[in-house]
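The lines below spell out each chain.
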Amino acid sequence: MKNVRIVMVGDVDAGKSTILGRLLVDLGLVTPAKLEELETSSSKRGVPIEYSFLLDAFQLERDQAITLDLTRIWVRTPDAEFVFVDAPGHRELIRNLLSGASEVDAAVMVVAADEGITQQTRRQALFLRWFGFANVLVAINKLDLADDSRAVYEARAAEVRSFLDQLGMQARAIVPVAARRGDGIVKPGPLTAWWQGPTLIEALGTLERVQVREDGPLRFVVQDVYRREGKRLIAGRVESGILERGEHLTFWPLQTGARVVAIHDWPDEIENAVTGSSIAIELDARVFVDRGAVGSRAIDAPELGHVAQTTVVWLGVDPVRAGEPLRMRLGAREISVTLQRIEESIDPDTLEPREAQELRSGDVGVVSLVSRELIAADTNLPESSIGRFVLVRNGAIVAGGQIDAVVGHNRGEGATNVVAMTSSVERIERTTRNGHAGGVFWLTGLPSAGKSTVAMAVQRMLFERGRQVYVLDGDTLRTSLNVDLGFSDEDRSENVRRTAAVAGVFADAGFIVICALISPFSADRELARAAYPNGFHEIYVSCDLVTAEGRDVKGHYGRARRGELAHFTGVSSPYEIPNNPELVVDTASHRIEESAAQLLEYVEAHLVK
Amino acid sequence: MSRLDYLDELEARTIFILREAFSCVSPLAMLWSIGKDSTALLWMVRKAFLGEVPFPVVLLDTGMEFEEVYAFRDRLVAQWELPVANELCPPESTVDQTLPPAARHAARKTAGLRALIAREGYRGILLGIRRDEQAIRAKERIFSPRNADGSWDPRSQPPELWDYYAYDVPDGAHVRIHPLLHWTELDIWRYTLREQIPYVSLYLAQDGKRYRSLGESNITFPIASNADTLEKIIAELEVTREPERAGRAMDSESEDAFERLRTTGYM
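Protein chains in written order, with numbering that gives the first Met the number 0: chain A, 0 to 608; chain B, 0 to 266.
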């Protein structure tokens, strides 16, 4: 049996709840006791039997005969189960209507015969188009108020057709009804005797549940990472495509990758997970993956960029203007964005775009949003949650939107939003702007232990996450700032001192500074800590001498062994292993991606936000 | 390999909601009334978190549950190794005396829940209510923010677009999370049968009567039924017009009884 979810739209008082109430009664789904109760509460309010009370359960709704909030009713016929979402028609209750429309397969639009298409109906139809509905089922209601029901129906039907046409939408059917009397709902009545088309229930029977495509590109949206018995289980939902055990996944936007070694559908393990499945996977390497990451095959990746061009419906009580910082929730990720520009807003009366300085509650607008963080999004994949988003202001959802395009990957143009700095900027202000405080992450270890490689990999990933980050590399600094220094113990100490001082300045300016320096002496490292005492992290990049010497990336070990290099750490100069480092990264027994993931996780966990 | 069927879809969405709740709301607890709905939910919690139940599971205990309910709880707690807590509800004399008698009994649970949240500082409470149970519950959101006193303001519910939920609440307030809102009574029984989830035997007919909905023993009444297996219950529900909570006295004492209970914090 099919199950179809349908939203009811139409202006306030067009009779949406009455149609549904009547449907329940005429299909014989209401017990005699319930009908009696309905008569009692109707007569208590001095009205003839009010079918909408079957849905409008709140006292205030019954007293004022209006719907305040979404409700759902279940209607079972021999061939189908319908879930109707009855949405209020009031302008100020648009958030409720949109909430309802976001979860359904089809829409029924109710137009009152005496009013026709009102401004509110126009606005609602605009939302339906925005949600991607190509067609609607229309009911022309209240024909009992017309002298000539057929003539009025035909005039309204023509009006509806031309209006939908203007929107690029179609009517599946335009059904005449008089809900109060029941004509045209489940069976024809005197007022619809001339009608050759379907009754409302017959027309509803032609609606189908939206089926997800299974041949779409793979999208696995990560919700969380759980640890169970030493295993790392990445939990999330397959939103498009099919995930197969054994395949290689790339996680966006950081572009880390690993092979799927197990798919858990507790208590079972499965070979593949189809669209819609909530599952957990295990990977063959400990690469960095966190909430909000999106797994795909490398060949059909989502789009990447720092600027999203979007169409939004604004729901906030207060309007929004360009320049406002907001939070964006896209898939399972939440990031900071700035509303860069309102390109246009759509006039609900003319349906024409117009220039706008602000968007008010209920307005549909085209806006661009910029972020320091790299955004991974889908622009043409309706089933993927990274194609639609909400905006959050002070913790409350204030807009819904769809992503039309993503641009500006390489340059991140517009994302920097630089404002001229004055000396009166306080640390907390920098922290607020950056989303994090500064800090010094000091990587120490033998030559060729992998310090610079890990530092560079982590810098890239932090940068993609919108962090302010910079690497101070020992070798690089020796070509500029420290060009006058040699490798005597004194010069090594001075090298560390200068680097630590620069790192402290950068950290003070709000940067995450990753220092990659052999820094062989404990005492020097302690002095480095003193240069930025409240945010210094000593990280030992551990690698045994044999392995490091085996790598010998720069050929220095060879030269030192041949006696061509004096004071070479590990060969002709000592290295003091840290006694109590904040973190040990073991590059001898882990791949570079895994070490980078370990450091990235550490940095993210220790950033003051 | 085949696409998800209807029950699979319902289950996958519930697991998604549970994981969202666990990631975004902390500290979290779940109410387990030991009825069919919250027991099915508990089964899906184990699925979502791969066999674990990573938050406390609380019974709001009025001391008036059926004996079979207490026995079933003890058995399942042992079998599933549940982190369970029993919250004794304050006596009836402490609740709003203007409520009708049966609703006063129900209001004890509201008071117990308020005390639990105040003491433990929970910001999220998971509950197994469904929209098709009752017309007021039909208006609920999946993530439903509550004021500091636990009250519900149904006139200003947040938007709930696609799968984006409102999980931010001010300090002292909390959010009710309803992962079963989109299920129906029939769905729950079909799923319970398919997954072989244990249930309290009072749901099965004995001597021509069975309980369709389980509440406190003093305010819950059985319905006439010969359905003594799950298959028969499902067949019965496929044709019935009677509402599920017909045997719950608290719902129908006065027209506004359930609305009053819910707006002041009932489940």
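Derived by calculation from the structure, the hints in this document are not laboratory data. Hints may be right or wrong, so weigh each one.
Unchecked claim - Chain B is nowhere near these chain A residues, computed Cβ spacing over 12 Å in every case:
id : residue
1  : M0
2  : L28
3  : R128
4  : L166
5  : P187
6  : D267
7  : G291
8  : G386
9  : S451
10 : F567
Stated by the list, open to error - Now the in silico label distances, taken between C-beta atoms and shown as ranges:
id : chain 1 : residue 1 : chain 2 : residue 2 : range
11 : B       : N85       : A       : I298      : 52 to 62 Å
12 : B       : S25       : A       : N379      : 34 to 44 Å
13 : B       : A84       : A       : Q169      : 38 to 48 Å
14 : A       : G27       : B       : E194      : 29 to 39 Å
C-beta: ideal position from N, C-alpha, C; glycine also.
To see whether the hints hold, each was checked on the structure:
no.: 1; hint: M0; result: violated (9 Å)
no.: 2; hint: L28; result: violated (6 Å)
no.: 3; hint: R128; result: holds (16 Å)
no.: 4; hint: L166; result: holds (21 Å)
no.: 5; hint: P187; result: holds (24 Å)
no.: 6; hint: D267; result: violated (10 Å)
no.: 7; hint: G291; result: violated (10 Å)
no.: 8; hint: G386; result: violated (10 Å)
no.: 9; hint: S451; result: holds (35 Å)
no.: 10; hint: F567; result: holds (49 Å)
no.: 11; hint: B:N85 x A:I298: 52 to 62 Å; result: holds (55 Å)
no.: 12; hint: B:S25 x A:N379: 34 to 44 Å; result: holds (36 Å)
no.: 13; hint: B:A84 x A:Q169: 38 to 48 Å; result: violated (56 Å)
no.: 14; hint: A:G27 x B:E194: 29 to 39 Å; result: holds (32 Å)
Figure legend: structure checked against the earlier numbered hints; hints not met, in rising order: 1, 2, 6, 7, 8 and 13.
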